[in-house]
Amino acid sequence: MGWKLTLLGVVAGILFLFALGLNNDPRHIPSPLVDRPAPDFAGPALDGGDPLTLSALRGRWVLVNFWGSWCVSCVAEHPYLLELDRQTRSRNDFVILGVDFKDTVDGGRAFLARHGTPSYRHVVDPEQKIAIDWGVFGAPESFLVDPEGRIRLKHVGPLYRGWFERVALPLMTSGGGKPS
Amino acid sequence: MSAWIEVGHFAALAALVLTVVQLVAPLAGIGLGRPVWIRVGRQAAFGVLLLLTVACAGVMASFLNHDFSVGYVAGHASRELPIFYLATALWGGHEGSLLLWVWLLSLFAAVAAWRHWSTHPLSMPWVLAILGATVLGFLLLVLFLSSPFERLFPPPADGRDLNPLLQDPGMVFHPPFLYLGYVGFAVPYAFAMAALITGQTGGEWILATRRWTLFAWAMLTIGIVFGAYWAYYELGWGGYWAWDPVENASFMPWLTATAFFHSVMVQERRGLFRTWNLFLIITTFALSLLGTFLVRSGVLSSVHAFATDPGRGVFILVFMTVILLFSFGLLTLRADRLKGEGQGRLENPLCRESAFLFNNLFLVVGALTVLLGTLFPLAVETLTDSKVSVGPPYFNQVFIPIMLGMLLLMGVGPILPWRRTPAGTLRRRFLIPGLVALAGLGGGWILGIGHPYGLAALALCLLVLSTHLDDLWQGTRARMRRDGAGALSALGRLVRRDKRRYGGLLTHLGLLVMVAGFIGSGLFQEERDLILQPGESTRIGEWRLTFTAMGSAARHNWVADEALVRAERGSLVLELRPQKRVYNTGRSQPTTEAAIHTTWLEDLYVVIGDPVGETGRAFRIYRNPLVAWVWWGSGIMGLGVLLALFQGRRLSRTRAVVA
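Chains as they are written, first to last, in this note's numbering: chain A, 683 to 862; chain B, -13 to 645.
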């Protein structure tokens, strides 16, 4: 009698684990930087305007998006970023900042010209100094930085439709305080 | 733009309807007592095969026509893709792979309906219905949740191309063989379930499915080895097996299937292990499904972001839940009935039955440890908020001892008699093999094999080799004496009379060759990581390698940086050309093409890395001893199974008379 219950229990347990596992987002990678102050950076802007610093955006949620014109998945991600830009342009608590790394200025500009230029701005990081500070190992990778300048989330791979509502907004509306 | 894809799509939809007929009609036939309905179910199985063949042909034709208005074609091919890969890109992605899976399943269902129709009339309606239900589940998935038939609008001018890593013969053959293995277990599974339902739980279902199991197992073996071979020479990391979840997914059913066709022999011979055998075949098929799903759904790996497509995941989970709870539930409900019928029991710890018992124990524990290691990261990620990965250290630590235990049993089991072993037999048969093994232990020590696992494996391999050769020699000698024939013809007659046994022994020898390859490449691999300037050289093993210059190479769909490396050993001079390839003018990551020189004793394996400074280049060089033995060993195993497959039903009939 015992083995029957064990067998059915094991099978049910594995299935239950899968059911819970369905909610895992494989792109959600715990990073040692999460819940730490974001490394600040300053660098030339891709549009040739004033240099950009991260700390200047303190007080708002910042989506830092690492990309490059050499990156195939960034092409796939780009339409969503454009959409997210349109959708959040009027918010005063959220801003997007692009980091075009391991890339040339011409390459980055050509990419935006071809795939669409969003209203938010981009820092160029040709020698990957920012990317190395932030522990970026591929593109695209995105970080969500809270108003106090702490990294709250790292996302590896393209952001997907609905990501803002499903992942970012709950964090932002939980008061900006530190999660458990 | 052509209408092929619509033809395929329509055929698949029609197949869906017929699958329902295949599922319902035989059951109605039983319920209403109308055999004609069962026949309808059989015709439906043939119809499903025909329609799904058209569906696959539709997708293939769209590839061959460069019909990039089909989303699946646009995502997995391009105008530059060579025709060989174009024709096989059907299984280059998720949607097409599932279509191939379901096509193979319908093929096997049709073959089963054709071959077993008159021989197994009682099981047939259930077999038809169960296979029909499985086809139905997959077909729903293919049609509604991951359809390869969808059009894109507007159609792109060119496709995104097949992943360059998959543009390789190893990857062309790996999935179909693997799927032949996975799907092949569906038929024995269906027969086992039919036996449980009808209560015909004698040995009949096992005899009916013996060849199916062997065939599926052989295909799975070949599929796994193809995958390992591809990983070895295409991925450029110098190894062939990384205990990756995807690899484990194919290895687990292999282990339980191996356990199954060993323990089946005990049931045929002694009537023992009935419930256990049913459990093993259900588990094997369940693990095949699990493997397909783990790989195809992305629950474990991050290849397809799962959270972005919850519908597919939920469907897969519901489908698996139904199949698993139905199968294992039925097994537990009917288990008591099975117990009453068992005639024998283990009388003596030292007999072939108990060798099989331990063989099963090792294999199933092996499968469990692999399952544990594969699911552990998922559990941690789900239950806590961190990620862990379980890698080779865990698997090597738990699996190598199990493998050594298996080797010991392999050396002992086949020559132990059934029921019990007299002390004299034991001494006579194991004296020489035991001495050979001890000599191997000493010899290995002298040769400088310091690692205890290496020494143990060497000694056990020699034990297996000598017991198997001794067994062959004893049998041949007896024949020679009886028939007065020469050694070779006596051996031929011996093997022909019991192809199953000698096929099995040959498979063991093949595994032995593979184990030698595992030891050589696992324990004695040498690796050099260095930067070379043109003209500089390095040594590895007996080889002296010189980086002569960088060059370039191109085919119509790729360009490559190519290093020219001169390799010298004694008077032998070779030129190796490892490459970094970029397919389709920079639209994807560069791929590594290792330059491999294979001899029967070792592989010289050279990979280039990034440029360093003006002229320098990073190199990674491996000397992989005995790696080719892994591939040859699997070939020998294949031959062994082929031999065993030729054993017809004659054997079962003579057994039945004896019983």
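By construction, these hints were calculated from the structure, which means they are not laboratory data. Some clues are possibly wrong.
To be verified - In silico DSSO-like links for lysine-lysine, alpha-carbon gap of 30 Å or less: (1) A:Lys784 / B:Lys566; (2) B:Lys485 / A:Lys811; (3) A:Lys811 / A:Lys784.
Tell me the numbers of any earlier hints that the structure contravenes, in ascending order. 2
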